[in-house]
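Colleague: Take a look at the letters that make up each chain.
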Amino acid sequence: MHTRYLWPLALAAVASSAARAPAHPAAAAGTIAGRVTFTGTPPKMRAIDMAKEPSCAAQHQTPVMTETVVTGPDNAVANVVVYISAGDATSATPTEAVRYDQKGCEYIPHVAVMQVGQPLEIYNNDQTSHNIHPLALVNPEWNKSQPPGTPPIHTSYATSEFIPVKCNVHPWMHGYFVVLTTPHYAVTGNDGGFTLAGLAPGKYTVTAWHEKFGEQSQEVTVAATGRVTVSFVFKALPY
Amino acid sequence: MRPQTRWMSLVSACGAVLLLGGVTPAPAQQTHVGSLTGRAAAGKPLYVRYCAGCHGDDGDAQGENAQWITPKPRDFTTATFRCRSTPSGSLPTDQDLYNSVERGFVTTNMPSWVPLTPQNRVDLVSYIKTFSSRWVGAPAAQPIAIPAEPAPTLEGLQRGRALFQRMECWKCHGPAGHGDGPSASTLTDSKDNPIPPYNFATGNRFKCGVTNQDLYRIFMTGLDGSPMPSFADVLTPDQAWDLVHFLRTLQPLDTQEARIWRAWAREHGRELKPIGPTRGGGQ
Numbered sequence: 001m002h003t004r005y006l007w008p009l010a011l012a013a014v015a016s017s018a019a020r021a022p023a024h025p026a027a028a029a030g031t032i033a034g035r036v037t038f039t040g041t042p043p044k045m046r047a048i049d050m051a052k053e054p055s056c057a058a059q060h061q062t063p064v065m066t067e068t069v070v071t072g073p074d075n076a077v078a079n080v081v082v083y084i085s086a087g088d089a090t091s092a093t094p095t096e097a098v099r100y101d102q103k104g105c106e107y108i109p110h111v112a113v114m115q116v117g118q119p120l121e122i123y124n125n126d127q128t129s130h131n132i133h134p135l136a137l138v139n140p141e142w143n144k145s146q147p148p149g150t151p152p153i154h155t156s157y158a159t160s161e162f163i164p165v166k167c168n169v170h171p172w173m174h175g176y177f178v179v180l181t182t183p184h185y186a187v188t189g190n191d192g193g194f195t196l197a198g199l200a201p202g203k204y205t206v207t208a209w210h211e212k213f214g215e216q217s218q219e220v221t222v223a224a225t226g227r228v229t230v231s232f233v234f235k236a237l238p239y
Numbered sequence: 001m002r003p004q005t006r007w008m009s010l011v012s013a014c015g016a017v018l019l020l021g022g023v024t025p026a027p028a029q030q031t032h033v034g035s036l037t038g039r040a041a042a043g044k045p046l047y048v049r050y051c052a053g054c055h056g057d058d059g060d061a062q063g064e065n066a067q068w069i070t071p072k073p074r075d076f077t078t079a080t081f082r083c084r085s086t087p088s089g090s091l092p093t094d095q096d097l098y099n100s101v102e103r104g105f106v107t108t109n110m111p112s113w114v115p116l117t118p119q120n121r122v123d124l125v126s127y128i129k130t131f132s133s134r135w136v137g138a139p140a141a142q143p144i145a146i147p148a149e150p151a152p153t154l155e156g157l158q159r160g161r162a163l164f165q166r167m168e169c170w171k172c173h174g175p176a177g178h179g180d181g182p183s184a185s186t187l188t189d190s191k192d193n194p195i196p197p198y199n200f201a202t203g204n205r206f207k208c209g210v211t212n213q214d215l216y217r218i219f220m221t222g223l224d225g226s227p228m229p230s231f232a233d234v235l236t237p238d239q240a241w242d243l244v245h246f247l248r249t250l251q252p253l254d255t256q257e258a259r260i261w262r263a264w265a266r267e268h269g270r271e272l273k274p275i276g277p278t279r280g281g282g283q
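Read top to bottom, the protein sequences are chains Y and Z.
Counting along the first sequence from 1, when you hit position 116 you're at 116 in the numbering used here, and nothing is skipped either side.
Counting along the second sequence from 1, when you hit position 229 you're at 229 in the numbering used here, and nothing is skipped either side.
Careful: at least some of the hints might be erroneous.
Stretch by stretch, here's where chain Z covers chain Y in the computed footprint (C-beta under 8 Å, at least three residues) [to be verified]:
1) 125 to 131
2) 140 to 151
3) 168 to 178
Using 30 Å as the maximum straight-line C-alpha spacing, the simulated DSBU-like pairs for lysine-lysine come out as follows [what the hints assert, rightly or not]:
4) K191(Z) / K212(Y)
5) K72(Z) / K52(Y)
6) K52(Y) / K212(Y)
7) K44(Z) / K72(Z)
8) K44(Z) / K191(Z)
9) K203(Y) / K235(Y)
10) K212(Y) / K72(Z)
11) K103(Y) / K44(Y)
12) K212(Y) / K103(Y)
13) K191(Z) / K235(Y)
14) K103(Y) / K191(Z)
15) K191(Z) / K52(Y)
16) K103(Y) / K273(Z)
17) K235(Y) / K44(Y)
18) K44(Y) / K191(Z)
19) K212(Y) / K235(Y)
20) K72(Z) / K191(Z)
21) K212(Y) / K44(Y)
22) K52(Y) / K273(Z)
23) K52(Y) / K103(Y)
Derived by calculation from the structure, the hints in this document are not laboratory data.
Built from N, CA and C at the ideal position, the CB exists for glycine as well.
Required output: the full structure, derived from the provided sequences and hints.
Modeller: The following block contains the structure:
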């Protein structure tokens with residue numbers, strides 16, 4: 001009698017664990033960490049003239065710089081998406097939304113990473129209309145006006161893609177939606193550092209993507225509770 | 001019938017349906033416009049003869065003429081289309097594509113293809129849909145609802161003018177709709193080609209149709225692939241109609257809307273606050 005009732009529970013448990021980590025059934029305690037740096041001379045970022053949009057210009061004490069290549073101390077590269085591009089187990093779609101803000105005629109964050117199917121919320125915090133225009137090629141391309149005070153736009157992407165985002169009204173506004181299938185990703189900050197934690201032992205391909213410098217991949221083997229250090233070095237050209 | 005036998009008959013019935021389905025072409029290859037059914041195989045030779053010169057053999061807008069013409073031909077491999085009846089980000093309906101082939105695009109190199117028979121045009125639409133995998137298995141997008149148009153009134157035109165200011169149409173289209181707003185010179189399409197905003201002083205040269213319903217559709221669906229966004233989430237149908245009616249007053253045409261507006265503006269035009277930048281960007 002009891003076993004009959006427990007059967008569906010057992011099945012559900014097997015199914016859910018299978019959905020989470022079929023490729024790596026062992027405990028996920030491994031870590032891949034490292035830094036992203038550049039050699040050479042990166043292009044100089046220029047100051048943005050927001051004179052055409054006084055409500056945004058007034059929000060900035062010093063001019064906002066373009067963010068195509070953001071570097072930090074010791075040749076660190078920021079805004080690099082480091083992620084597991086192969087070898088990762090499939091995972092459940094997160095339900096918490098990724099937030100993307102338009103504030104002071106800037107996209108915050110400059111690079112927003114989300115998983116396939118994960119909710120994305122886009123806010124306009126400015127006193128001006130923005131039109132948010134993600135230039136998707138694989139996913140559908142849409143373009144919506146978002147006047148001040150209107151509710152956030154709720155959306156999501158069904159396929160993995162690196163999608164440039166622009167505002168046609170304010171041509172200096174550029175950003176990226178990065179849609180990944182893996183939950184293991186990091187975006188480097190000003191120190192260029194990244195940590196991919198919670199990895200089961202196994203073989204992985206780690207990829208670093210930068211909007212200007214392109215993509216690099218490395219094969220990495222993670223031991224049971226191991227910490228693997230990986231560095232990426234991009235060659236920078238001043239143009 | 002025992003439950004197991006019932007199951008098996010159901011499964012075999014499903015199998016039969018699948019088998020039958022395999023005989024007919026995939027839905028993406030077939031197009032329905034009115035009573036006509038288009039077939040991609042029949043559209044291919046027509047495409048090679050009439051369309052490939054600009055749109056390219058692979059539908060990638062890399063035809064031999066493409067480098068000489070502006071605006072550039074549509075790239076069918078991305079399945080992004082401007083003139084649609086469906087929400088921004090959706091595929092167009094078969095009828096939308098058929099209408100574009102029939103209408104052509106004024107002020108571009110795309111002519112009206114009325115010399116081809118309706119059957120030819122439906123076949124072409126079918127073939128165009130083979131260039132992108134987005135058409136495979138995609139649910140048919142539904143056209144947006146366009147409620148009945150109210151008669152234009154002075155109050156509606158004034159509300160429409162306030163919306164033209166508040167929705168910041170003037171940022172690109174200019175305070176008087178002459179396509180000379182502050183952002184006009186920087187606009188590019190999704191392939192980074194420069195593109196001018198519509199100049200209402202040119203009259204009825206809208207690419208996606210010239211009726212009031214067409215104008216309503218243009219800003220409620222957006223022109224995907226261009227800088228023109230969709231306003232469907234931020235305008236009510238009543239507001240959209242007010243804006244359509246106001247846009248008519250920007251054209252040098254003798255429309256009902258323009259007559260109402262000009263009669264009033266002769267007496268009261270000086271009372272209007274100019275359209276354009278204000279402190280805080282609001283009204």
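Colleague: Quick one: which hint numbers does this structure break? Sort them smallest to largest.
Modeller: The structure breaks none of the hints.
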